[in-house]
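Here's the letter readout for the chains.
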Amino acid sequence: MADKLKALWRKTFWAWSPESERESSEAIVRNFWLHWFPAKVARASMDWNYSFWLGTASAALLLILTVTGVMLMFFYVPSTERAYGSIKDLEYAVSFGRLLRNQHRWAAEGMVAVVYIHMARVFFTGAYRGTRAINWVVGVVLFLSTLFLSFTGYLLPWDQLAFWAITVGTSIAKQAPLVGPTVQFILLGGHEIGQQTLLRFYVLHVFFLPVFVWVLFGYHMWRVRKDGGLAAIERVRDARTMIPKTTPASKSYSLFGITPGTSVQVMSSTGLEESDQVFSSPNMSRRIALVFLVVFNITLLAALLFNAPLEGLANPSVTPNPAKAPWYFVWLQELVASTTVRIGGFTVSGALLGGILLPGFLLGVLTLWPWLDRSPLRTQGRWLAPERKRQNVTFAVATLLIIVLIMVGVYLRGPYWRIYWPGQARPETPRLY
Amino acid sequence: MDGDRRKVLRLIGKGSVLAAFLAQIGAAGRAFFPNVLYEPPSRFKIKRPDDYPDGYTLDAAHRLYVVRQKDAFHVISAVCTHLGCNVQWSDTEFDCPCHGSRFRPDGTVISGPAPRPLEWFATSVSPDGFLEVDSGTEVARGFRLIAGKGNA
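Which chain is which? The protein sequence lines are S and C, in order.
Reading the first sequence from the start, the letters are residues 50 to 482 in the numbering used here.
Reading the second sequence from the start, the letters are residues 44 to 195 in the numbering used here.
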């Protein structure tokens with residue numbers, strides 16, 4: 050029955066169907082929707098347990114964020130007087146406005162997490178060797194852009210979180226050597242936070258950063274293809290090239306054969322065999338659609354269950370106590386709060402050390418890691434290769450430290466940024482908004 | 044010879060177009076440095092001296108504390124020198140809610156990440172009898188303005 054329906058569908062909508070491998074490839078590369086896929090992809094690239102499809106999930110989140118973001122733009126007014134009200138309107142006066150904002154918010158926080166976990170996957174599989182090093186650097190820039198996008202995003206509601214995040218964020222920028230004060234002046238559009246500041250962050254958030262990320266995402270994908278697919282295929286390629294092939298016996302001397310009895314051996318340019326690859330459509334396109342739907346539904350579920358936070362209207366006279374950054378920046382807040390160094394009469398502010406130098410150093414090491422990695426090339430595309438144990442432990446420990454700092458910041462810090470253990474009474478502080 | 048002249052003219056031609064293009068980019072960049080700022084003046088009047096009781100009074104709008112000890116006044120900034128949050132007076136010290144800096148009553152640092160003491164602002168009495176603060180001018184700790192009619 051299903052087969053008959055399928056046949057009917059074909060007869061009704063297709064005047065032609067591919068009848069050879071070559072025609073199947075053409076059907077993909079000549080199709081508008083499919084031409085950005087390669088005709089064939091390695092089975093190894095699509096292994097769920099290798100990549101967990103985290104890159105695709107990040108892209109799905111980016112798409113969700115772009116669409117929900119554009120819809121939010123119809124309701125949001127980037128004015129210090131009306132921004133907060135327009136968010137309140139979204140929550141109470143616009144049909145499904147709250148759902149839209151919730152999904153945008155949770156997709157954004159999800160993207161920060163997923164992009165980081167994607168990067169961790171690439172690290173733990175050593176998938177940044179050779180020409181893939183460039184894509185690693187592109188990925189680091191994309192991760193940084195994701196953080197900037199989320200930062201500029203949570204400033205827009207113009208609530209207390211927004212105002213004090215801009216205050217602290219631009220004060221950190223001011224600490225940068227030489228250019229700091231100029232950077233702060235341009236970001237704020239003056240010496241104080243005001244209308245210019247909001248408008249600048251708004252244009253950054255809805256235009257410059259998304260366009261930058263989309264273009265870089267395109268390049269990221271293009272490079273994945275030009276680098277031959279995911280690093281997982283290197284395992285297959287190694288296996289294929291290491292197995293000596295039975296060469297066809299020949300009775301005559303061939304042009305290439307040096308000794309009698311051997312003939313030319315043909316290998317594909319990718320080093321993969323036909324059986325290692327499958328057509329990208331429907332094999333990959335269907336999986337991408339599945340990943341997108343799963344990610345979409347998770348963000349939708351989160352949006353239905355949890356409301357996006359909104360604090361009181363921005364008030365320059367009162368700092369919330371304690372004033373906490375969103376979870377993915379809390380570890381930086383911990384760093385700037387605890388890295389001020391005093392040697393004699395000389396003081397280095399934590400804003401410079403923990404806000405700029407230390408994160409800058411971490412970022413530099415992260416970016417240059419492909420060139421610091423001296424492990425044998427056969428480790429690439431393998432999960433937790435024993436030869437890279439020390440590297441993997443380093444990355445895991447650094448991640449763990451960041452998570453510990455986040456936990457301390459989120460759960461233990463109380464009024465005046467002091468540590469309060471679970472169960473310990475926290476003093477009532479005046480909350481005046 | 045003829046070819047050389049052509050080369051030079053071509054260089055001038057292409058160069059000028061490129062220069063104009065770069066200048067336009069520079070001009071667009073320059074627009075991001077505002078020439079006119081609609082910001083409150085750094086020198087402003089607050090209340091009359093006798094409107095302040097003894098001790099520390101917060102002026103939240105201007106983000107500063109007015110300190111009165113009998114007839115002697117001084118004004119301490121409420122903006123943390125670390126990353127710009129508002130510090131709060133707790134009868135014995137100033138505390139910052141953002142990163143936990145603590146300051147003595149005179150604004151010097153007890154502990155926490157703040158690199159410098161809280162600023163002291165130049166303060167005077169305006170001709171019409173109001174305290175006038177110049178938040179653009181710092182004064183040494185120990186500065187006192189004698190004002191007010193008797194002890195509060």
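Since the hints were derived computationally from the structure, they do not count as laboratory data.
Quick reminder that beta carbons are idealized off the backbone N, C-alpha and C, glycines included.
A few of these clues could be false.
Within a straight-line C-alpha distance of at most 20 Å, the following computed SDA-like cross-link-like pairs (lysine to any residue) qualify [claimed, not checked]:
#1 S:LYS373 - C:ARG145
#2 C:LYS90 - C:HIS105
#3 C:LYS88 - S:PRO365
#4 S:LYS373 - C:LYS90
#5 C:LYS90 - S:MET120
#6 S:LYS275 - S:ARG178
#7 C:LYS88 - S:SER366
#8 S:LYS373 - S:ILE468
#9 C:LYS90 - C:ARG145
#10 S:LYS137 - S:TYR165
#11 S:LYS137 - S:ILE166
#12 S:LYS438 - S:ARG178
#13 C:LYS113 - C:TYR99
#14 S:LYS275 - S:PHE86
#15 S:LYS53 - S:ARG71
#16 S:LYS373 - C:GLN131
#17 S:LYS275 - S:VAL340
#18 C:LYS50 - C:VAL60
So these bits of chain C aren't anywhere near chain S, every CB distance computed over 12 Å [what the hints assert, rightly or not]:
#19 ASP47
#20 LEU65
#21 ILE68
#22 PRO96
#23 ASP97
#24 ASP114
#25 SER133
#26 PRO140
#27 ARG147
#28 VAL168
#29 THR180
Enumerated hints in conflict with the structure, sorted upward: 4, 5, 9, 10, 11, 15, 17, 25 and 26
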